[in-house]
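Using the sequences provided together with the hints, build the complete structure.
Protein chains in written order, with the working numbering: chain A, 1 to 303; chain B, 1 to 272.
Among the hints, a few may not be true.
As the list claims (entries may be wrong) - Just the calculated beta-carbon pair ranges, DEER-fashion: (1) Y264(B) x A97(A): 14 to 22 angstroms; (2) F134(B) x L225(A): 25 to 33 angstroms; (3) Q120(A) x N234(B): 40 to 48 angstroms; (4) N163(B) x M119(A): 23 to 31 angstroms.
By construction, these hints were calculated from the structure, which means they are not laboratory data. Just so you know, even glycine gets a beta-carbon here, dropped at the ideal spot from N, CA and C.
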Amino acid sequence: MTVALERPAIAAAAPSKRGRLSLSAVTPYLQSAPLALILGAFLLLPIIMIVVVSFWDYDFAAMYPDFLTTNYSDVLGSWVTWKTYLNTIKFAAIVWALTLFIGFWVAYFLAFHIRTTAMQMVLFLVCTVPFLTSNIIRMISWIPVLGRNGLINSTLVHMGLVPKPIEWLLYSEFAVVLAMVHLYTLFMVTPIFNTLMRIDRSLFEAARDAGASGWQVLWNVVIPLAKPGMAIGTIFVVTLVMADFSTVQVMSGGQSASVALMMKNQMSLLQYPAAAANAVVLLVLVLLMVAGILRIVDIRREL
Amino acid sequence: MSHEKRTLEFYVLAAFFTLFVLFLYGPLSAILILSFQGETGGLTFPLNGVSLHWFANLFERQAVGDFGGSFKRSLVLGLMVMIVTVVVSLLAGLAFRQKFRGATALFYLAVASLVVPSIIISLGIGVVFQQVGFRPAWYTSAFGAHLTWTLPFGVLIMFAVFNRFSPAYEEAARDLGATSWQTFAHVVLPMIAPSLIGVGLFGFTLSYDEFARTLMTSGTFNTLPLEIYGMTTNVTTPVLYALGTVTTVFSFLVILATLGAILYVGRRRART
Chain A
1 MTVALERPAI
11 AAAAPSKRGR
21 LSLSAVTPYL
31 QSAPLALILG
41 AFLLLPIIMI
51 VVVSFWDYDF
61 AAMYPDFLTT
71 NYSDVLGSWV
81 TWKTYLNTIK
91 FAAIVWALTL
101 FIGFWVAYFL
111 AFHIRTTAMQ
121 MVLFLVCTVP
131 FLTSNIIRMI
141 SWIPVLGRNG
151 LINSTLVHMG
161 LVPKPIEWLL
171 YSEFAVVLAM
181 VHLYTLFMVT
191 PIFNTLMRID
201 RSLFEAARDA
211 GASGWQVLWN
221 VVIPLAKPGM
231 AIGTIFVVTL
241 VMADFSTVQV
251 MSGGQSASVA
261 LMMKNQMSLL
271 QYPAAAANAV
281 VLLVLVLLMV
291 AGILRIVDIR
301 REL
Chain B
1 MSHEKRTLEF
11 YVLAAFFTLF
21 VLFLYGPLSA
31 ILILSFQGET
41 GGLTFPLNGV
51 SLHWFANLFE
61 RQAVGDFGGS
71 FKRSLVLGLM
81 VMIVTVVVSL
91 LAGLAFRQKF
101 RGATALFYLA
111 VASLVVPSII
121 ISLGIGVVFQ
131 QVGFRPAWYT
141 SAFGAHLTWT
151 LPFGVLIMFA
161 VFNRFSPAYE
171 EAARDLGATS
181 WQTFAHVVLP
191 MIAPSLIGVG
201 LFGFTLSYDE
211 FARTLMTSGT
221 FNTLPLEIYG
231 MTTNVTTPVL
241 YALGTVTTVF
251 SFLVILATLG
261 AILYVGRRRA
271 RT
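What follows is the structure, encoded as structure tokens:
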């Protein structure tokens, strides 16, 4: 979008220069045009459309251009919606804490305890491969493990540790959190691993020589330097959990709710303006979270 | 740290790492085994004999929806997304090496594309198509929806690659009389080829497995993940696991082929 606006300005600014030079001045605009066009058409335009539609009127069959704020008062005035938002934020907080803990120690182990680069890459790939397979299949794969007659329950019953199968292993909030951690931890491991690998190892020696203990090195050297990676991982995990509807639906067996799941239900009832109002609120919430995290770290510098 | 004796810390973390890997692969191997469930067996252990019954079941139309058709659509869509992602990310990566007006805005637009909840993009594209009067289809609206997810990854990877790319090689090529096209084709492209293959892998697998963005944008025909998602609510036989095994094996093959290609390209470059 910006490209189309600015190209004439560049051409006007350099009319006296030779053809070759003005071509190289235009090159970056031509090279970035496809990206700008695709994101303009499939990201910006749809979001603008959602904002517009969120003010429209609708009934069971269609929606009508209008300027109503009832969609928003419905969203913000309903106790059920508030509970759903709080529930989604709760999932985000729990999954964030767990993935940060697991992700940091896995990355730490790979970065500082594996001695050869080849081994590091092999173990990193071992962690990566499952994340390139289908999310839904990875969710379903918990059913034979956690189910009422699943592996864990039958083992526990067989060993006589519990008298009857534990009901809350599957189709519960526990299952939702477990599946989300399973799905999203890599998004934490990769950026933290990346920042840890770039720490100058002589800093550790310096800290040791100055008398720091192992924990002091970890707390005062490693963690502060790993913060940018943690911030990027946090952005990934928080936005993925805030947007999730499938994990909540499949793993809670319909007993728990999230904002995106609420939106999906509204969409299947063709209540697009109501879903759009929810989308705007959710988008503002997510962008505020990301903006807050970006204040801590400049991602352009970290790439 | 790397040449000291193994400490207690090492063993604790190694155990933690092993548990993490078991956590990642354990459930997957459970459905892998259960997909060979006998004809009378159910969704959980124990195995009631071993058979290929559920794999055969997969290809009967009435048992699962349109498995063959949805697989073909997902495959073609993944390849389309892969090609466009590689080309557009490469171009954008080259553009970001120079300063141009709007560069920062475009960069943040790409980042925004990564953080905007997928269901919002799905809803937005669905509504835009409805208002404009186009019929949504997997090769138009879903194609665009997938690109909003794969392009930011591609652009960020290319951005990182060119951040570490020394301009000295290009200067040397130019000093030897190469045209800018020759410099690109014979110097830059071979050096970044492994990263481009990686971007292609991301483009393909992210699209092949994506379904939140496809939900409102696929039109009449389902892609494979949508088909599987539908099955989770109404299929109660191990045919679900057979499907899971087949798609997972396919993903593994794609990853292996990509790694092989990256190694091959790296070797060939080392030799010349």
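In rising order, the numbers of the hints this structure does not comply with
1 and 2
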